[in-house]
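Produce the entire structure from the sequences given, and follow the hints as far as they go.
Protein chains: 2
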Amino acid sequence: MLIDFSDIEEKPLEHFKGGEGTFFARMFTDPKVKIMRGRLEHGASIGLHTHEGNSEIVFILEGKGKMLCDGKYEELSAGSCTYCPEGHEHSLINDSKGDLIFFAVVPEHH
Amino acid sequence: MLIDFSDIEEKPLEHFKGGEGTFFARMFTDPKVKIMRGRLEHGASIGLHTHEGNSEIVFILEGKGKMLCDGKYEELSAGSCTYCPEGHEHSLINDSKGDLIFFAVVPEHH
Chain G
1 MLIDFSDIEE KPLEHFKGGE GTFFARMFTD PKVKIMRGRL EHGASIGLHT HEGNSEIVFI
61 LEGKGKMLCD GKYEELSAGS CTYCPEGHEH SLINDSKGDL IFFAVVPEHH
Chain L
1 MLIDFSDIEE KPLEHFKGGE GTFFARMFTD PKVKIMRGRL EHGASIGLHT HEGNSEIVFI
61 LEGKGKMLCD GKYEELSAGS CTYCPEGHEH SLINDSKGDL IFFAVVPEHH
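For the record, the sequence lines run as chains G and L. In terms of my numbering, the first sequence opens at residue 1 and continues consecutively. In terms of my numbering, the second sequence opens at residue 1 and continues consecutively.
By construction, these hints were calculated from the structure, which means they are not laboratory data. This one's a predicted model, so the numbers in the text were calculated from it and none came from an experiment. Idealized CB from N, CA, C, for every residue including glycine. Take the hints with a grain of salt, since some may be wrong.
[Stated by the list, open to error] Reference excerpt, derived from the structure (chain L facing chain G, CB under 8 angstroms, subset only): (1) Cys81; (2) Tyr83; (3) Glu86; (4) Ile101.
[To be verified] A few chain G residues that don't get close to chain L, going by computed Cβ distances all over 10 angstroms: (5) Glu9; (6) His15; (7) Lys32; (8) Lys64; (9) Ser80; (10) Glu89; (11) Ser96; (12) Lys97.
Right, dumping it as structure tokens:
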């Protein structure tokens, strides 16, 4: 099925997972998966959280930022892909001057 | 963890799932997920197959093509996202004149 993000309302999620500022997300969800187009403005972040029973795959579409994954920083830019396996933790940080826009999948592994 | 597709060899998969021509894939895999950057040349396709125990999320990066999903054609271009839930079937077809390049995730739901 097509998932047209332009047809999905962009919702503001304040201090998502304890992060800074607002995480804006257009999200499709069913019992097996979340599929989203996310946006973090300059200085915003998704707080550190552990993926229990699921994982997360992030593909950067526009902008720059960094992922803190199991204590290690990863530099991200358009085309970067980062994977947080089940049982691991990560935080996504926009420390750039522009928007950080990404495609992400959170599959349930059960 | 970063997944750098430029560090992953692009492997040719002939007549993948019974499709036409060659599917070229740079693929990361672990027991829970496959994460890939795929390429179909003009006229190539991934044959019709059903996702049993897993699903597939495809995000188009470059080019044009179509997905046949549960008997219905979906037109795809850069930025399109299509989801084949567990238990459903699909086929990806490059009926354009250029390459069709996509990012895809195949999560295991068990």
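Worksheet item: What hint numbers does the structure not satisfy?
Response: 4, 7, 9
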